[in-house]
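Given these sequences and hints, build the entire structure.
Heads up: the protein sequence lines correspond to chains A and B, in order. The numbering of the first sequence is UniProt numbering, which starts it at 1 and goes up by one. The numbering of the second sequence is UniProt numbering, which starts it at 1 and goes up by one.
Each hint should be verified, as a subset may be incorrect.
[To be verified] Non-contacting residues of chain A with respect to chain B, defined by C-beta distances greater than 10 Å in every case (computed):
1) GLY23
2) GLY39
3) GLY61
4) ARG89
5) PRO127
6) GLU204
7) PHE206
8) LYS289
9) TYR336
[What the hints assert, rightly or not] Subject to a maximum C-alpha distance of 20 Å in a straight line, what follows is the list of computed EDC-like cross-link-like pairs (lysine to aspartate or glutamate):
10) B:LYS16 <-> A:GLU25
11) B:LYS16 <-> A:ASP138
12) A:LYS63 <-> A:GLU25
13) B:LYS16 <-> A:ASP375
14) B:LYS294 <-> A:GLU281
15) B:LYS16 <-> A:GLU281
16) A:LYS96 <-> A:ASP375
17) A:LYS289 <-> A:ASP271
18) A:LYS37 <-> A:ASP138
[Said to hold, decoys possible] Examples of chain B residues toward chain A, derived with CB under 7 Å:
19) GLY21
20) ALA43
21) ALA263
Just so you know, the hints here were simulated from the structure itself, not pulled from any lab data. Small disclaimer: the values here were computed from a predicted structure and weren't measured. The C-beta atom is built at its ideal place from N, Cα and C for all residues, glycine as well.
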Amino acid sequence: MDGDGKRHRILMVSDFFFPNFGGVESHIYYLSQCLLKLGHKVVVMTHAYGSRSGVRYVTGGLKVYYVPWKPFLMQNTLPTLFLTFPIVRTILIREKISVFTLADFDQAICVSHTSKENTVLRSGISPQKVFMVPNAVDTAMFTPSPERLSCDEIVIVVISRLVYRKGADLLVEVIPEVCRLFPKVRFIVGGDGPKRVRLEEMREKFSLQDRVEMLGAVPHAQVRSVLISGHIFLNSSLTEAFCIAILEAASCGLLTVSTRVGGVPEVLPDDMIVLAQPAPEDMVRAVKKAIDMLPGIDPQMKKLYSWDDVAKRTEIVYDRAMQSSKTDLLERLPRYLTCGAWAGKLFCLVMIINYLLWCLLEYLQPTEGIEEVPDIRLVYAHLESVNDMCRIQSEGN
Amino acid sequence: MNSERSRIKCRPKWRKVAYGGRQPGYDDNYTDESFLEEMVMNANVVKRDLLKVMIDSVSISQYLCIVALVVSTWSYTLSLVIDDVTLLKLDISLLLVGFSMLLVTTCPFSLKLFSKYVLNITFFISGLYVLAPIYQTLTRSISSDSIWALAACLLLVHLFLHDYSGSTIKPPGTHNNPKLTSNISLNASIVASVLVASRLPSRLHVFAIMLFSLQIFLFAPLIVFCIKKYSLRLHLIFSFALMVITLSIMYQLHRMFFILLLALIVFISIVCPYWLIRIQEYKFEINGPWDEAKLCFDITE
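Structure below.
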């Protein structure tokens, strides 16, 4: 475990984590697992989910802090940030995450080239500092079905939250048209949301009850079984930075039809995806092309994406970030002023308040008083005796 | 150095894709020349012409003059300069003028539409006459100052939220979809009229002033829209005539109001268009493939 190269202590902060399931959650989870395997120490900090609050350990020794954010009147981010500051500082010191004060970021990671363009434009950060590291998919969980489905009846699967952003309105226009043009096609729609009512109405209006099956909310564990029952995966979202759903579908052996938005054109090679403009006519054309392409597809997901590769590339970014010079607060303040006429001054004010708060907390709860967590290294090899285990644990302290 | 250059020369072409891991020969933070190639700037910005903006602003000053005329009629009635019979005559003449304008400007003259209007107006007038006693005693226990203050505030709200573009007015007979703010502004003007009318002594006074106010607030936008649609020149002549009449009446009413109205008209017609054109240069819109796609069809619930 004494790897060559520096061993980092990483804190992942996110609003979204297990028990929620989604793109961000799975990204953090899988990335953390791979980073742990590479020898780094990873801790995740998120907000408490109902009664799930405090410190939990998940697979692989990943430590998760479920912090109970104190509820604030207007759900403002600013006061919440200040109220949770003591907890954040305590966690940072306990886990020995090396950071002085709330540093502004040196490097950034984006999940697609389009997302990188958007980030550089909106934040004004230099493009050299933005790294493109994509998401990946768990190819062990999303495997294709063992036997190929028969091509007499073509099944199109849609699994997404039925909201405006994910193009549920496009679905309402596309599904009846496709059912009219191709009598052999059947739809399976999984997911729930405010637009579900519109889809039900569409089903009633065009009498498609036997051709469109609505599953409702699909638990994450059953997503694969729904996916492998289809030939084509339809994604109609209006905006996406990356879209992991497409990867999961391709990993299960489906051909994807998607709208050409955001980072979607970069995700899959042309023989696994058919792109369309977010307009009903073009999407119907794309579905037709996909149906014609269906007999000849053969997805090879293992070569395209893997979480280990993502973790290694992320590690390079961390190394680069640690190398760049640590600047003093006073040197950083003028940089904030350039963010905008009003925004720059606001950022400076926030940073100064943060710094003063840090100094106050240093006085009230000194760093020396906070107990640091010892580095426990999980052993993956099978141990011969209890003595070995004790020896390794004492070495780790 | 040479090996570095040769490494760079024989690396494959960079592709804008996310699959396949890190592209050999390129770092993850490599920025290609095609970076931000698909960005479009100021795609939806309309180039504005000063004269056109000034002509468009005439609608706003015209409506302002109409409201000023209503207010001056109210103040003359409240000080009993105009008596109820004169007011009734004014109402009837306004009604006839409005009707004739409508008939002149809507080219296909349909008897069915005309009769529908006459029927509606008859119901409206009789309803108002029946309800006039209620309005008369509505605010008897409230002091005059509160009434004037409230009426002034409501009129301001009405002016701010009024729909000057006429986009919520569709040709008579079609189904229209009014916006929330135009509803609020209409309600504010009606409540203001009721408040002012309730201060008058006799029932006939109340009925006459209510009829006058409601005629203007409910039907003036429609008439103005029809005139504007019919001929721009007629619209401009009408507006200028209206402004001259209003300013002369205001001059006789109160010097301060006259100066205020004149200043407002100058501000709206001259200063604001110039200001708009000046700051239009700073407009900076960025669009690109990262934006949320817009649906090309309407969502019918």
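Hints versus structure:
1. GLY23: Its Cβ never comes within 10 Å of chain B, the nearest being 14 Å, so this holds.
2. GLY39: The assertion about GLY39 (chain A) holds, with a minimum of 20 Å to chain B.
3. GLY61: Holds, since 27 Å exceeds 10 Å.
4. ARG89: holds, 31 Å
5. PRO127: Contrary to the label, PRO127 (chain A) does not stay out of reach of chain B, its closest Cβ about 4 Å off (not over 10 Å).
6. GLU204: Per Cβ check, GLU204 (chain A) is outside 10 Å of chain B; nearest 15 Å; holds.
7. PHE206: holds, 15 Å
8. LYS289: Non-interface label on LYS289 (chain A) holds, nearest chain B Cβ at 20 Å vs cutoff 10 Å.
9. TYR336: holds, 21 Å
10. B:LYS16 <-> A:GLU25: violated, 26 Å
11. B:LYS16 <-> A:ASP138: Not satisfied, since the Cα-Cα distance of roughly 23 Å exceeds 20 Å.
12. A:LYS63 <-> A:GLU25: holds, 15 Å
13. B:LYS16 <-> A:ASP375: violated, 41 Å
14. B:LYS294 <-> A:GLU281: holds, 15 Å
15. B:LYS16 <-> A:GLU281: Status violated; Cα separation ~27 Å.
16. A:LYS96 <-> A:ASP375: Holds, at about 10 Å.
17. A:LYS289 <-> A:ASP271: Holds - the C-alpha atoms of ASP271 (chain A) and LYS289 (chain A) are around 12 Å apart, at most 20 Å.
18. A:LYS37 <-> A:ASP138: holds, 15 Å
19. GLY21: Result: holds, 5 Å to nearest chain A Cβ.
20. ALA43: Interface hint status for ALA43 (chain B): violated (15 Å vs cutoff 7 Å).
21. ALA263: Result: violated, 31 Å to nearest chain A Cβ.
In this structure, the hints that do not hold are numbers 5, 10, 11, 13, 15, 20 and 21, in rising order.
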